[in-house]
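Could you put together the complete structure from these sequences and hints?
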Amino acid sequence: MSSSPDTIEMSLPFKPEYVSVARLAASGIANRIGFDVEVIEDIKVAISEVCSKLVGLGSKISENYTIAFTLRKDRLDIIFKCSDDSLKCLFNNSNDELSLSIITALMDDFELCTTDKDYLLSMSKTLKEKG
Amino acid sequence: MSSSPDTIEMSLPFKPEYVSVARLAASGIANRIGFDVEVIEDIKVAISEVCSKLVGLGSKISENYTIAFTLRKDRLDIIFKCSDDSLKCLFNNSNDELSLSIITALMDDFELCTTDKDYLLSMSKTLKEKG
Amino acid sequence: MSSELNFKEVQSENLYELYVSGEVDIYTSQVLKSKLYEIIDANQKDLLIECSELNYIDSTGLGIFVGALKKVKQYNKQIYISGLKDNIKKLFVITGLDKLFIIKE
Amino acid sequence: MSSELNFKEVQSENLYELYVSGEVDIYTSQVLKSKLYEIIDANQKDLLIECSELNYIDSTGLGIFVGALKKVKQYNKQIYISGLKDNIKKLFVITGLDKLFIIKE
Ligand SMILES: Nc1ncnc2c1ncn2[C@@H]1O[C@H](COP(=O)(O)OP(=O)(O)O)[C@@H](O)[C@H]1O
Ligand SMILES: Nc1ncnc2c1ncn2[C@@H]1O[C@H](COP(=O)(O)OP(=O)(O)O)[C@@H](O)[C@H]1O
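Residue numbers (numbering that gives the first Met the number 0), protein chains in the order written: chain V, 0 to 130; chain Y, 0 to 130; chain C, 0 to 104; chain D, 0 to 104.
None of these hints come from the bench; they were simulated from the model.
Just so you know, even glycine gets a beta-carbon here, dropped at the ideal spot from N, CA and C.
Not one of these hints is a red herring.
For each label pair, taking beta carbons as the anchor points, the in silico distance ranges come out as: (1) 33(C) with 35(Y): 34 to 44 Å; (2) 55(V) with 54(C): 28 to 38 Å; (3) 104(V) with 12(C): 56 to 66 Å; (4) 92(D) with 126(Y): 39 to 49 Å; (5) 12(C) with 116(Y): 55 to 65 Å; (6) 11(C) with 20(D): 40 to 50 Å; (7) 104(V) with 107(Y): 38 to 48 Å; (8) 123(V) with 103(C): 42 to 52 Å; (9) 72(C) with 88(Y): 30 to 40 Å; (10) 66(D) with 57(V): 15 to 25 Å; (11) 87(V) with 72(D): 32 to 42 Å; (12) 104(V) with 92(Y): 48 to 58 Å; (13) 92(D) with 116(Y): 45 to 55 Å.
With the C-beta cut set under 8 Å, the calculated list includes, among others, these residues of chain V facing chain Y: (14) 5; (15) 7; (16) 8; (17) 9; (18) 10; (19) 12; (20) 14; (21) 16; (22) 17; (23) 19; (24) 23; (25) 27; (26) 28; (27) 31.
Structural data, given as structure tokens:
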């Protein structure tokens, strides 16, 4: 009935052993939009980069962080949320060079440092017609 | 730091195309506890039975329903939640015979009809030592 | 998008063979139902459902098999099911459907 | 629990070959790091990391490869990497690490 896009949310503990669970869920979601296998791998890597960073930092306030997927006709929007605002602007360290280069190369749109939103960061991947 | 068990939550639209996403996430989670492949398949089926029923009924109030996984050392607890209380006591129809026989056979504990709880239903699977 | 459910069909004089591969769940089940019902009405033969590449099924799919069996019985024909993986065979046993269908190894 | 990361090791006079299979992420990366560092310190040889069965890696794993390279260089040795799948090779190119390691087809 509603014409708003479908959303899927997943909340995960700040622990390394659950990053692979995020990847599995992401691959199922990306498959639903119609991304091909190669792009699905890219999305999994980009999501893992963020999860790994969050897990590495941890939180004193929150048990879990949340990944929200919005499934549009030709685009997957992903935002990371957490009640712990100290995690905003996640990638601000020179050690993050590898992660940053990977995320920016693999995703089409991203906002990796936000301090005034109700989420930590956002990234999107657009479905392209096969040439 | 906390000794409370890890929880993973996933909220999904009431649509058939996302039941497979629940299965993928469930298989990753069950793998983390250490269930073997055969038991993981059983857990996926039991979860699908509930998702399929929810999707079949739908909700006029809620866009999404939530699956909450609690990962204990030797047990996976799964509860289904939704703000739509009309979905309580999901399996009360004679057409549910197949689903009910499957869930009760595959899971170790279950509470399929609850009206006085803050969730729709619960099910658990216990990790058994290999004989 | 990758296809979750695929079919291959082989006909002989008295038997129609349907090879089912992939996953049958609430999303893919309508395709299975249409396929089975069409085959049954169009051919009115015994039907073999070959499942060695069927990786997943739940009550939605099992219900469709039962519906197909009722349809086949109208023509006094049978449904044979072969190649079931252990996890799926278990579901037939749990639900008692192993006694309704002719299950072959 | 199924093991997400596995190794096979083959030694010859001048080369130590490590076959890596499975997934390297933040959870499995410490095992990879220990394995690489132990091999390098114990053998002080050129190292070939064979990756044709490596299905997943991200910056956590790439960082460990870089750490291993620094260690190998202390002994004036090299790291060769072979068998990279396309998706993983892409990560080496994106990050410029394809210029630090000797990547073989
Ligand atoms: N344990 C069972 N044994 C036999 N029949 C069953 C069992 N459980 C459910 N059924 C029947 O399975 C059928 C499901 O078929 P269905 O897929 O809905 O096709 P149709 O819409 O043609 O009835 C229903 O008729 C239902 O009564
Ligand atoms: N683009 C890059 N090029 C070269 N080195 C890098 C790059 N990005 C990160 N590094 C380095 O990779 C290393 C990561 O190694 P690490 O796994 O932490 O092992 P160690 O703990 O022994 O340093 C760090 O020294 C980091 O500075």
